[in-house]
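Chemist: These protein sequence lines map, in sequence, to chains A and B.
Numbering-wise (our numbering), the first sequence opens with residue 1 and increments by one.
Numbering-wise (our numbering), the second sequence opens with residue 179 and increments by one.
Hints in this document: simulated from the structure, not taken from any laboratory.
From a predicted model like this one, the values you see are computed outputs, not experimental measurements.
Note that beta-carbon positions come from the ideal geometry of N, C-alpha and C, so glycine has one too.
A hint or two may mislead.
As the list claims (entries may be wrong) - The calculated label-pair distances, taken between Cβ atoms and stated as ranges, are:
| id | chain 1 | residue 1 | chain 2 | residue 2 | range |
| --- | --- | --- | --- | --- | --- |
| 1 | B | Arg237 | A | Arg154 | 52 to 58 angstroms |
| 2 | B | Phe198 | A | Thr56 | 50 to 56 angstroms |
| 3 | B | Tyr208 | A | Asp96 | 29 to 35 angstroms |
| 4 | A | Pro53 | B | Ala191 | 32 to 38 angstroms |
| 5 | B | Ser182 | A | Thr56 | 19 to 25 angstroms |
| 6 | B | Asn205 | A | Gly42 | 33 to 39 angstroms |
| 7 | B | Ile197 | A | Gly104 | 33 to 39 angstroms |
| 8 | A | Lys126 | B | Leu224 | 35 to 41 angstroms |
| 9 | A | His95 | B | Leu224 | 34 to 40 angstroms |
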Amino acid sequence: MEQDNKRDNNHIPFNEDNYTHNIRKNNERKLDRRGFMKTLVGAAGIFAVSTLPWGTLAAKELTGLKNKSYQPLKITDINALQVGDAVEFSYPGEHDSALLIRLGENEYKAYQNACTHLKCPVFWSKEKDEMVCPCHHGIFDARTGIPTAGPPKRPLPEILLSKEQGAIYAIGVKRYET
Amino acid sequence: MKRSYLGVALLCAVFFCNIFFTQKAVNAYYFEHYRMVIIYACCNLLLFPLAVWIYIRERDVQ
């Protein structure tokens, strides 16, 4: 290739009169050493840019921008709630109905009880030990919130609880992972 | 002219590191090790100027 260039450059004007001296492109697709290095530098740039979104997402997680803060809310006194019973409340807003279930002596679970199928309110069925949506018979596992039967496919959003001075408080809504 | 393939070898190493760091960053993200993600992403970012420097050095020698 180098020799080709030299020959052309040494004969100006070229000793052809048909102006077709530049149609020979035998080597145009040849990847020489420098071209290869340029490609690798470009690849390094692309890799650098491609990790930026991951970095920003991670930074977002670290700075806690994605975690919303919620006002704590007293749901009920522990004495007022027997094991196996449930109480309805609304959290975080007054229209976000939710359900607190006392599953064991020290086991409490709370979910926003709008069914993930068509938003019907889900009820706690003590006899069957599961949460039931009456509209289309969706069944949710009370321990995890995961649907076990019926049309709903996504779990119920869980509410974080804390126990203070003989009462149960709602302190937040678990981030929803689909 | 005597060619040096040192630059090619170094850039290949840089390329390998790029693949390595990208893979590690994505993995760390899914395992929620967010600090590691940022470290790997920074490594990847730093590799680009390094690659440019290797290329320019090689070019100017010729």
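Chemist: Of the hints given before, which are not true for this structure?
Modeler: 2, 4, 5, 6, 7, 8, 9
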